[in-house]
Amino acid sequence: MGTPRSLIDTSRIALNIAKTRLMTASFPYYHLHSDVDVRADVKDGRIKKSITEKKNTVSDVRQGFVYEEVPHITLKSLANDEPPATETLYDKPLPDNKRVRVSGPFTVETLQDFEPLSPADLEQRARTGSDDVPFEQRVFAHLQSAGVMTGKKGEKAIFTRVDRLASAYLHAEGFYMGKEGEKKAYFHIGPKFGTVSRQAVNAAIKECRQRGDADWLVILGFSFETDIETQEVTMSAGSFMVTKTRMHDDLMQDGLMKKPKNVAASSPSANRMRGWWKSRHPPVRRPVRRPVRRTTDNGQPITGSK
Numbered sequence: 001m002g003t004p005r006s007l008i009d010t011s012r013i014a015l016n017i018a019k020t021r022l023m024t025a026s027f028p029y030y031h032l033h034s035d036v037d038v039r040a041d042v043k044d045g046r047i048k049k050s051i052t053e054k055k056n057t058v059s060d061v062r063q064g065f066v067y068e069e070v071p072h073i074t075l076k077s078l079a080n081d082e083p084p085a086t087e088t089l090y091d092k093p094l095p096d097n098k099r100v101r102v103s104g105p106f107t108v109e110t111l112q113d114f115e116p117l118s119p120a121d122l123e124q125r126a127r128t129g130s131d132d133v134p135f136e137q138r139v140f141a142h143l144q145s146a147g148v149m150t151g152k153k154g155e156k157a158i159f160t161r162v163d164r165l166a167s168a169y170l171h172a173e174g175f176y177m178g179k180e181g182e183k184k185a186y187f188h189i190g191p192k193f194g195t196v197s198r199q200a201v202n203a204a205i206k207e208c209r210q211r212g213d214a215d216w217l218v219i220l221g222f223s224f225e226t227d228i229e230t231q232e233v234t235m236s237a238g239s240f241m242v243t244k245t246r247m248h249d250d251l252m253q254d255g256l257m258k259k260p261k262n263v264a265a266s267s268p269s270a271n272r273m274r275g276w277w278k279s280r281h282p283p284v285r286r287p288v289r290r291p292v293r294r295t296t297d298n299g300q301p302i303t304g305s306k
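For what it's worth, the numbering used here labels the leading residue of the sequence shown as 1, then goes sequentially.
Just so you know, these hints were derived from the structure itself, not from any lab. All values reported here derive from a predicted model rather than from experimental measurement. Note that the Cβ used here is the ideal one computed from N, Cα and C, for glycine as well. Just so you know, not all the hints are guaranteed correct.
Below, simulated DSS-like cross-link-like pairs (lysine-lysine); rule was C-alpha separation at most 25 Å, straight line [stated by the list, open to error]: (1) LYS92 with LYS49; (2) LYS98 with LYS152; (3) LYS76 with LYS54; (4) LYS54 with LYS98; (5) LYS153 with LYS184; (6) LYS152 with LYS183; (7) LYS183 with LYS206; (8) LYS152 with LYS184; (9) LYS98 with LYS55; (10) LYS179 with LYS192.
Estimated spans, in silico, between C-beta atoms of each pair [stated by the list, open to error]: (11) ASP37 with GLU87: 53 to 61 Å; (12) LYS156 with SER26: 42 to 50 Å; (13) GLN210 with ILE51: 55 to 63 Å; (14) GLY194 with GLU155: 23 to 31 Å; (15) GLY194 with TYR29: 53 to 61 Å; (16) SER197 with ARG46: 36 to 44 Å; (17) GLU155 with PHE27: 29 to 37 Å; (18) PHE27 with ILE51: 17 to 25 Å; (19) ALA203 with HIS33: 42 to 50 Å; (20) THR107 with ARG164: 27 to 35 Å; (21) PRO105 with LYS153: 20 to 28 Å.
Please model the complete structure; the sequences and the hints are all you need to start from.
Printed below as a string of structure tokens:
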């Protein structure tokens, strides 16, 4: 019925739109030769097929579909008074109006663009020790430098320490200073190439509730499943808050950043931009146009029109 795997180069937005359309669409169902008995009758120059369903049959798509057929009248058949040949329209299978088809289970995955290295490059990398920083270490450094928005009137939490945890769903714990002193938070880090699933989020919330020693759970990921994407950024889970945070795309790049990216997005200083503009665009001096005063012969100004 189709290829089991398709490779495409696209964006997350296009993937989400295509996934939504596939999951909500319905498609026609076509008769299989293995499931029905077909009887063809010619009437008014057209071939009409009557279909009767078989009982206790096993569907076999290898036998093909039931297609529409049309007569092919040629000059030879007319000259010899022969019955016309039959043409099968393979682009018009006969639909079964009693059934519909829907999309089955499928996954959308991303693949890393592996760049082949020569043996000389591998030896040079091993000799100089210029291996890329592990993904988790880059995330931990980003949390300590940029922090995470708490969702409370632009409040940001900068973590003073982030430690790795040996857990399947809580990957790290961090400490930050709040209004009431030092607080603790747990982190669930999504896959480097993939989406954060709802099952993983529910398992992380359950484990955080079992530990009971933190008031914040941060879900980090580059992309989220559709049902998670539509939810609020920060929501309550009882005794602690759960925040969904999208990580910066630069964290996926190995060895391209000279320094950790401290902010996700920033705006330039207004004073600095104003000075830069004045240095490159000096003010233009325009001549002052003085109004013309009309006077009478005696030198008195004319205040109104005649």
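Do the hints match the structure? See the list:
no.	hint	in the structure
1	LYS92 with LYS49	13 Å, holds
2	LYS98 with LYS152	54 Å, violated
3	LYS76 with LYS54	39 Å, violated
4	LYS54 with LYS98	15 Å, holds
5	LYS153 with LYS184	20 Å, holds
6	LYS152 with LYS183	16 Å, holds
7	LYS183 with LYS206	20 Å, holds
8	LYS152 with LYS184	17 Å, holds
9	LYS98 with LYS55	16 Å, holds
10	LYS179 with LYS192	33 Å, violated
11	ASP37 with GLU87: 53 to 61 Å	22 Å, violated
12	LYS156 with SER26: 42 to 50 Å	46 Å, holds
13	GLN210 with ILE51: 55 to 63 Å	59 Å, holds
14	GLY194 with GLU155: 23 to 31 Å	30 Å, holds
15	GLY194 with TYR29: 53 to 61 Å	33 Å, violated
16	SER197 with ARG46: 36 to 44 Å	53 Å, violated
17	GLU155 with PHE27: 29 to 37 Å	49 Å, violated
18	PHE27 with ILE51: 17 to 25 Å	19 Å, holds
19	ALA203 with HIS33: 42 to 50 Å	47 Å, holds
20	THR107 with ARG164: 27 to 35 Å	28 Å, holds
21	PRO105 with LYS153: 20 to 28 Å	42 Å, violated
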